[in-house]
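> Work out the full structure: start from the sequences and follow the hints.
Residue numbers (my numbering), protein chains in the order written: chain A, 6 to 159; chain B, 12 to 385.
Derived from the structure by calculation, the hints contain no laboratory data.
It should be emphasised that the depicted structure is a prediction, and the values quoted were computed from it without experimental measurement.
Note that CB positions come from ideal geometry on N, CA and C, so glycine has one too.
The reader is advised that the hints may include incorrect statements.
Simulated restraints on C-beta separations [unchecked claim]: (1) A:Arg61 - B:Glu134: 20 to 26 angstroms; (2) A:Glu26 - B:Ser247: 26 to 32 angstroms; (3) A:Cys62 - B:Tyr161: 28 to 34 angstroms; (4) B:Thr138 - A:Arg61: 22 to 28 angstroms; (5) B:Glu190 - A:Pro153: 46 to 52 angstroms; (6) A:Gly106 - B:Pro183: 15 to 21 angstroms; (7) A:Ile124 - B:Leu42: 50 to 56 angstroms.
Simulated coverage check for chain B against chain A, where a stretch passes if three residues somewhere in it have a Cβ under 8 angstroms from a Cβ of chain A [unchecked claim]: (8) 135-144; (9) 151-161; (10) 196-203.
A few chain A residues that don't get close to chain B, going by computed Cβ distances all over 10 angstroms [unchecked claim]: (11) Val33; (12) Gly35; (13) Cys117.
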Amino acid sequence: MTGGEAPTPEAAGPGPIPLLEGLFTFPVAGEPPRLLASRCNACGGTFFPQRRFCARCSSPDLAQVLLGPRGRLYTYTVVYELFAGLEGFGPYAVGQVEMEGDLRVQGLLTGCEFEELEIDMPLELTLLTIGADERGRPTVTYAFRPAPPGGEES
Amino acid sequence: MREVAVVGVGMVRFDQYPQRSITDLAVEAVLAALADAGLAWPDVQAAWCGAAGQGMTAGTRVLGELGLTGAPITTVDNASASGSTAFREAYLSVACGLYDIALAVGVGRMTGGGAAAPLERKEILRTQAMGFLPPAGVFAMRTRRRMHDYGATIVPYARVSVKNHRHGALNPFAQFQKEVTLEEVLQSRLVCDPLTVLHCCPISDGAAAAVVASLPRARRLDARPLVRLAASAFRSEVYSIDGQLGPTITELTARQAYEEAGAGPEDIHLVQVHDAFTVEEIDYYESLGFCPRGEGERLVEEGATTIGGRIPFNTDGGLLARGHPIGPTGLAQVWETVLQLRGRAGPRQVEGATTGLCQMIGAGGVCVIHILKR
Numbered sequence: 006m007t008g009g010e011a012p013t014p015e016a017a018g019p020g021p022i023p024l025l026e027g028l029f030t031f032p033v034a035g036e037p038p039r040l041l042a043s044r045c046n047a048c049g050g051t052f053f054p055q056r057r058f059c060a061r062c063s064s065p066d067l068a069q070v071l072l073g074p075r076g077r078l079y080t081y082t083v084v085y086e087l088f089a090g091l092e093g094f095g096p097y098a099v100g101q102v103e104m105e106g107d108l109r110v111q112g113l114l115t116g117c118e119f120e121e122l123e124i125d126m127p128l129e130l131t132l133l134t135i136g137a138d139e140r141g142r143p144t145v146t147y148a149f150r151p152a153p154p155g156g157e158e159s
Numbered sequence: 012m013r014e015v016a017v018v019g020v021g022m023v024r025f026d027q028y029p030q031r032s033i034t035d036l037a038v039e040a041v042l043a044a045l046a047d048a049g050l051a052w053p054d055v056q057a058a059w060c061g062a063a064g065q066g067m068t069a070g071t072r073v074l075g076e077l078g079l080t081g082a083p084i085t086t087v088d089n090a091s092a093s094g095s096t097a098f099r100e101a102y103l104s105v106a107c108g109l110y111d112i113a114l115a116v117g118v119g120r121m122t123g124g125g126a127a128a129p130l131e132r133k134e135i136l137r138t139q140a141m142g143f144l145p146p147a148g149v150f151a152m153r154t155r156r157r158m159h160d161y162g163a164t165i166v167p168y169a170r171v172s173v174k175n176h177r178h179g180a181l182n183p184f185a186q187f188q189k190e191v192t193l194e195e196v197l198q199s200r201l202v203c204d205p206l207t208v209l210h211c212c213p214i215s216d217g218a219a220a221a222v223v224a225s226l227p228r229a230r231r232l233d234a235r236p237l238v239r240l241a242a243s244a245f246r247s248e249v250y251s252i253d254g255q256l257g258p259t260i261t262e263l264t265a266r267q268a269y270e271e272a273g274a275g276p277e278d279i280h281l282v283q284v285h286d287a288f289t290v291e292e293i294d295y296y297e298s299l300g301f302c303p304r305g306e307g308e309r310l311v312e313e314g315a316t317t318i319g320g321r322i323p324f325n326t327d328g329g330l331l332a333r334g335h336p337i338g339p340t341g342l343a344q345v346w347e348t349v350l351q352l353r354g355r356a357g358p359r360q361v362e363g364a365t366t367g368l369c370q371m372i373g374a375g376g377v378c379v380i381h382i383l384k385r
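Shown next, in the form of structure tokens:
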């Protein structure tokens, strides 16, 4: 993760830590989290998660960009048959979310009942605690929740 | 490039064999393929072994059991497309004139978590951070989107499962040889909404093998109608918004295969595809050119893709009923296609079939398509 645009959890104070570095920013001062993506300076392609080389044209000239916080639900599922070790997690919803830059981001869906999920519904990024590390700090990842209608996709 | 024929095929019925080793399974399939070709293991000049997540050098370990002949053996891991890739390599080695007789074998023991190869810690965390999605989830999302785009219910996808189980019931080498009803598919256990367990392929063990030979050598060996390779096309992922398991990769590989064969979908009499999940078969009706995009659901509803229909798909039961031990699955497709083109497929024979197509995709982003012709 490069400095400046993407506050580290240390900068945001003690507490939760990202499950994996380099995927999203931690919100500061009430700001929504953003996704850390790559944009190719040669062909304009946008990719999440970040890449070292462009998937479309192989250029190494990629810049880190922030995506979100809003998107639109492209499709979704509710996972009932859980991976070994996740039995306590309960059924959970996962979606593909269309975001600016012509890409679909896969992530957990939260903040509504499964029955309320609907293709094309507006969503916004949030953070979700999904476990804890060996020191007991909550580990968080990005997720999408229903957004109030009317906002711009950004 | 020289012309190449498939002179022998063999397989072990796909099933769950927790007590059998991969060597035991592979040897049975290879011996069956060699017997079918009228050859012995020392006649094989080179071999490729498709094995997904079966440990280091699976090929030399399992084939060494048959005798240490010195023939070069290569292990191929391309996930579900491992066996198809091994078959292509064996074909190419003969087509290029390096060898006259080559063998491809695929083997997989998936009971006991065989496919769960250790991922790097960072990959595991990334999978978790991006939503812990099992393979069924990827295709559940594709199903959900197709239902939205084309105004479909879950029924046409369930009909793919009903059809392929009906085909499997006619195949003594299928894992499931029992028909299922539409109601049973719809009411079976929910795995990833909207897919129930009967929309998903089972966990399987098994092996399959094929022997290929140059045409002059094949003519001396084989008095039966010769089954030749008309095309062998292979693509890795080309960037697309649909991702590596979307239909685009099949469309691009099919274009290459049809061009190489000098044929089009109208020339194909039967098709085997990677139906690990029901929606895939419907996607591939379209990607392979058998109907326009958005009309796949109608094709299965009309019965066009059942044995006796316009273009039968997955005549051996497909991954859904014949089973899917990953490594050998592409070679089971070759086994079925060769039997069909020889006119020896028994109760599931497609009348008058002279040209068959086999398609496999593999996670990580590959697609392999072969066209076989009598």
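> Give a verdict on every hint.
Hints, verified against the model:
| no. | hint | in the structure |
| --- | --- | --- |
| 1 | A:Arg61 - B:Glu134: 20 to 26 angstroms | holds, 23 angstroms |
| 2 | A:Glu26 - B:Ser247: 26 to 32 angstroms | holds, 29 angstroms |
| 3 | A:Cys62 - B:Tyr161: 28 to 34 angstroms | holds, 33 angstroms |
| 4 | B:Thr138 - A:Arg61: 22 to 28 angstroms | holds, 24 angstroms |
| 5 | B:Glu190 - A:Pro153: 46 to 52 angstroms | holds, 50 angstroms |
| 6 | A:Gly106 - B:Pro183: 15 to 21 angstroms | violated, 52 angstroms |
| 7 | A:Ile124 - B:Leu42: 50 to 56 angstroms | holds, 52 angstroms |
| 8 | 135-144 | holds (count 8) |
| 9 | 151-161 | holds (count 6) |
| 10 | 196-203 | holds (count 4) |
| 11 | Val33 | holds, 20 angstroms |
| 12 | Gly35 | holds, 23 angstroms |
| 13 | Cys117 | holds, 15 angstroms |
Of the numbered hints stated above, the single one contradicted by the structure is hint 6.
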